[in-house]
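The chain contents come next:
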Amino acid sequence: MGTSPAGVAGVRMRGFERLPWRRIILVVLGIAIVLVVGIGAWKTLSLNGAEGGYSGAAWRDFVVEGVSQGAIYAMIALGYSLVYGILRMINFAHGEVFMAGAFGSYFFADAYEKSGFLDRDPVLALLIITGVAIAVSVGTAALLERLAYRPLRHAPRLVPLITAIGASLFLQNVFRGFFGPQPYGYPKPHILTGGTTILGVAMTRVQLLVIVVAVLSMVALQLFVARTTTGRSMRAVAQDSEIASLMGINVDRVIVITFVIGGILAGIAGVLFSLTFGQVQFTMGFRPGIAAFTAAVLGGIGSIGGAALGGFLIGLLRAVGPPLILTGFGIPSVFSVRDAFVFLVLVLVLVFRPGGLLGSGEAEKV
Amino acid sequence: MRKPRWFAVVTLLGALSLVAAGCAEEEGGGGGGGGGGGIDCATVEFGCVEVGPDDPINIGVSQVISGADATLGQDQVNGIELALDHRDGTFDGTDGTVLDHAVELTVEDDGCSAEGGQAAATALAADTSVVAVIGTSCSSGALGVADTILSEKGILLFSASNTNPALTAEGTHQPFYARTAHNDRIQGAIVAEFALGQDVGAKSAATIADESPYTQGLVAAFEQNFEAGGGTLTGSEQVNSEDTDFKAPLRSLAEGNPDVLYFPIFVAACTLVIKQAQEIMPDTTLIVSDGCLSSDTLKNAGADAKGVYASSPDIAASANPFYLNELVPAYKKEFNSAPLSVFHSHAYDAANILMDAIEAVAIQNEDGSLSIPRQALRDAVFATKDYEGSTGTFTCTPLGDCATDVTIGIFRAPGWPVEGGSPNAEAVYSDTKSLEDVL
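Those protein sequences? They're chains A and B, same order as listed. Residue numbering for the first sequence is 1 to 366, as defined by the working numbering. Residue numbering for the second sequence is 1001 to 1439, as defined by the working numbering.
Any given hint could turn out to be false.
Unchecked claim - In silico EDC-like pairs for lysine to aspartate or glutamate, Cα to Cα no more than 16 Å straight-line:
hint, chain 1, residue 1, chain 2, residue 2
1, B, K1203, B, E1223
2, B, K1299, A, E113
3, B, K1299, A, D110
Don't read these hints as lab results, they were simulated from the structure.
Could you build the full structure based on these sequences and the hints that come with them?
Quick look at the structure:
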């Protein structure tokens, strides 16, 4: 008599435990998120101008701004993702590789503007400027690999991670030491001032250039990795570097090439970023670096398509997300929380897909 | 064998330290008794700073002297050094004395940040010879950080460039905090008055702040006064000072179609907002404040900066002949440059008010040493009334605001009073207000 209630409770408990709690929590969480987003968006869109609602033109501008900003994040994110794919290592100094390229090209851009060459032959001038940015970024990335990472290749995972953070601080301070803490104004050729309309969407010429160049570079990268011998050996090393080296692939060479490709993309992104904002400073790599790293994780780190998708998504989330979802709830100055918003989305994506959007679906042990 | 020997050493050390403590106590007690003045250093709250017969008086300085904002702090260190130089009546390169003691500065870098303010204040509070601290450079370093740490120890924190209203507001003011810098309630009010006035004739305004107390205080003061003056606020945004892409927030603010956009943020972000705002809201009048008033802004924003208004303390309007004919030439001679920012004069005045207060309250002992009671020193500074400073008159309120009448000028780019603009630019608008006049 005395034991039977406890026994019944025990049986009940076991049934209780057998329920798929993890799945139930996820489903409830998912429904709650969809509801919040849906209600917020619906409330925002039903506001009229006088109540703080946005016009159609404003939404178009938010999207264009998000896409062009996202294109730059995507190009930097590819650098993180490629290196991670090959070395299983987060190169936290990649933001500084981007900064170095932008800073290096500033001196040429400034000289060309003063001599008038920038406006006399803008295409050639921009090509040379971009070439310089690529050279500086590639040089920085290759030196990082050779001096900071290669000696530690067989050390435990945390060691190169800390080294990368140290290298990032080192590079920032080198640039501050040489060029001072103040921002420098980056010139923009006249051909890039003003706006244009593409398929009925108004955008500035710089935004158009950013989107076109970014998409072209990413297509070129995809072709390189998919079609060339070097690209194939990169994929082989990413799958298993030991077996790849047994197959006669020079792993060191592949790793250097990976850093070089990351550097090329970072250099181009540096010029696009500088043309967009017209200013370079020694701290400029930090925030885009963090945003791009987030993009790489969101898209699935190690995946090229994932990094590109993640970059565009982060850009869009920052520009469109806060006004769309938060304005409806009457939250003031919605853009103050745009970074928190991005990280919230990142956490939610990782809850449902631990490997990122286009990742393997498995949680990566970083 | 070992244990007894250790034990003996420890016992010996303990005994010695007891003797040393006994001696020190005796010395301190004797000194306080000898001076008179009705203050007994042994019993008075927060005690006294003891300055030995041949020791200098040590004044702490907490300023930003490295990084992007270094000119702000270095300018004030220069101002304080000039005050020491002029203590003997002339700018001759040799320092004067206070009660026959030399004055020495202990300079800590506060980095213009909350963390830096905490580190500098902790270091200075730990140094028992520090009489008082002149600083911090930025409101973020003082608010809830340096002002609290030093007030707990009874050390006066006297700032020449903190302008955030909360520092001297009822409820948040710390008892040992005072400043010669203006309160941004006045600056915000004058900017709002200018925006509503005939030069701009604005009916509506939008604002952008960043995460710093300086910009938030200014924006709040502006918004309050703008609405009280009959204007409409169409929106306000908060951004991060390290961000670069402000187009989306600007586009959102542009929906309200404001006549004026006020964004008193710092140089790097401010320049970017100027450029991006010219693209997104070309017809809106842009107004910034002294955090953005810099030659870097003019250089990097280029043509986009043209027509942007900036508010700042109007030194040219409030300066007296001494400042123009003696202090500025001495600054140029000693530091080989024109003044780096506008706060050296406030720092000069703060140092003098402080040294006067030390002379008033210090107990001169028979052996030539000084005992400076902390509480009395603070009270003497707070009792400052109608003090004729280099760029204005100071009367300290019970909440620590010493600059009671403040002249703020509005300058129109490229006519900003900085290098690269026109250093002798005249304000397009200038007004003087006292704290009682503003909300």
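For each hint, the structure was consulted:
Only pairs whose Cα atoms come within 16 Å are accepted, and K1203 (chain B) paired with E1223 (chain B) is accepted, the gap being roughly 13 Å. A threshold of 16 Å between alpha carbons decides the hint, and for K1299 (chain B) with E113 (chain A) the separation of about 14 Å falls inside it, so the pair holds. Taking the CA atoms of K1299 (chain B) and D110 (chain A), the gap is about 12 Å. The hint holds against a cut of 16 Å.
The structure fails none of the hints (numbered hints given earlier).
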